[in-house]
Amino acid sequence: MSEAKLSEIDHIYIDESVRNTEVAERALKLFSVDKISYVTSAPYADQIGSLSARQFDRSKREIYITNFKGQFFKRCPGARPGLTCCNYFVLNLGQQCNMNCSYCYLQSFINSPVMKIYANIDQALDELSQLGRDLGDQPLRVGTGEVIDSLSLDELTLYSVKLIKFFRDYPKWRLEFKTKSSRVDQFLNIKHASNVIVSFSINPQNIVESEEHGTASFYQRLLAAEKARDKGYLVSFHIDPMIYHSGWQDSYSQLVDEVTKRFKPSDIPVMSVGALRFQQEQRHMMRERFGASSLVVQAEVFKSKDGKLRYDQTMREEMFDFVLKKFKQHSVDWKIFLCMETPETWLQAQKKMPKSIDGLETLFDHQLIKKFETHINSSGYDNVIGMPENVLN
Amino acid sequence: MKLKYMSVMKFAELSQCSKRLTFLTQKLWPKALPQLAWRGLLLTASIENEVQAVELDEKHPFENVIFDIYPRLNLLEVHEIATNAKALSVEFNISKLFETYRIRYDDRLIKLLNQIQWVDQQFIRWAIDKQLGENDLAPLSSLNDQQIKLLNKYFSHMAKLNPSKNEGVQILEWLIDVFLQTSTENFIESVLDINTSSELSLRLKYMRYPESTERETKSTLFIKSLSWSKNTHVRAVRQGDQAGIELKIFLQNKTDLKSQIQTLQQVANRLDADSIERF
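These protein sequence lines map, in sequence, to chains R and E.
To convert, count from 1 in the first sequence and add 18; that's the numbering used here.
To convert, count from 1 in the second sequence and add 75; that's the numbering used here.
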């Protein structure tokens, strides 16, 4: 299966109010007229309830270009769409994804019958400028790719280019893209302030084929990362979610070999490793959409303390330990942290908490670490630490 | 019994009721209903020797009248009424009927109900009795009609064992998972020989979690091989995503305590010697 293409989109709805925006005009150039409708209200507005499997599938093939109504950035944890945590902000310039991973958390999160792309990016940038004035010299990180892949639809939006150019004026800030696509060519030749990190979620090719439908192959992602690195962009990898299967050691061993063959530890400021986890209520949708052949549907997972289903903790430790050791065999300079893991697993796999691991202190904001420590100290390791997924994932 | 739509008492001759809605709630309320008719449709079970039915106000829609008669119905009961009413070509709004019972009639539910029609009736009666909801029955949406027909003997067997709601919902999901993960030919029919719901649940758990079961079996054998003292009961247990052991020690005095500590130290030494970190 190949990487999802714009030609696979069945229909584009353009809200009349955004008819003259750049993204709407680009849609007119990229899609045939019969695929485009102008609307004055959201499509399928009469549709009630949670999305069925059929509706969720359809929502990946129909785009609604509209304005995001409200503020993109809010200074309050848990606020959407701009979640704030110690000057870490999430910028959601859309909702839903045109790729189709079996484990995707959007299956239990999204309730929109169509994929949304917000046309008012300029409003988001205005809000960021205001934040810049408020924060003065303080560092700030903006991540995209929480509820929509940062780059897979960039051919349509070209938001990466706009953001990179905007961040040139803020060299102390950091912009983070997160993707499973290989679409980087559009910004390779843009002048940047060395403050852009392009991160790729990666898995062995057999897992890509089995579970990450419509994503770029493992090798395409590595090639895209090489291109970005060669143009001076910071690059990061998230080996997440690791998926247990027969022969998993061989698969992940090859993955580590490929990464270490193409990159030096100094190319990659930090990497993360995480294991399969998903909300309990999403399992029915996964079973229905991907069938029993999916390794994710077959997974032997159990309810963890945060309510998510995860592999047995010992098994997770074994998997993390394997990957960490593999990287360290190549070089002790590789910096890796465990993504969305419980303190017990951190301690077992790393023998210490993230703050005390050399190289990771820059990744974990001081206040975030403090919050993390307080939580651990007060709970006696009993509680799962809910590291914001958008910070660590 | 006081019905909202019965304010003006009128009677209809049963001979004028050309259609009868077949439905019998399993609930205690209402224990017994008079014969009620609406727009020529006999809504409640006919009573022997009666010739008349109380006629409900015709101007009110079917869904409201039904709710008035049966104020508390679960998903499958509402579905049964809707199915029977449709078969009788009764004019009503199916979405409103479900919503009257606070059940969202959305695409997900429509698919589930479409699959329900193929499910064994004995299982349906059990599910009605246990008041299963949409989420409890959701695994059925992963099956096509042929697969449901193949599984019906298992559903029927499970219903005969009459598990509790929680146990039954778990059995249903594991049964479907195991069925989907193995080919139909290999699907183990031996579960049909099981006589208790707890045993059926346990068997399916082993089939659904083969690797974890194997790990736990090994763990059990290992902990049994350790030299615990006589008054100690040890067993492998799982708490969510964590597997470990549960240790119960009976002590009467300080001597017992010291002796236990010594024995536990010996167990720890054995673990050290074998470089074992976890049970």
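Hints listed in this document are in silico derivations from the structure and should not be mistaken for laboratory results.
The beta carbon of each residue, even a glycine, is placed where N, CA and C say it ideally should be.
Check each hint, because a few of them may be wrong.
No farther apart than 30 Å at their CA atoms in a straight line, the calculated lysine-lysine pairs in the BS3-like style are these [to be verified]:
# : chain 1 : residue 1 : chain 2 : residue 2
1 : R       : K326      : R       : K343
2 : R       : K196      : R       : K53
3 : E       : K186      : R       : K344
4 : R       : K321      : E       : K205
5 : E       : K186      : R       : K53
6 : R       : K326      : E       : K305
Chain E regions said to be covered by chain R (calculated; three or more residues, Cβ under 8 Å) [to be verified]:
# : region
7 : 210-224
8 : 308-320
Taking the hints in turn, this is what the structure says about them:
no., hint, in the structure
1, R:K326 <-> R:K343, "holds, 27 Å"
2, R:K196 <-> R:K53, "holds, 29 Å"
3, E:K186 <-> R:K344, "violated, 47 Å"
4, R:K321 <-> E:K205, "holds, 24 Å"
5, E:K186 <-> R:K53, "holds, 28 Å"
6, R:K326 <-> E:K305, "violated, 39 Å"
7, 210-224, "holds (count 5)"
8, 308-320, "holds (count 5)"
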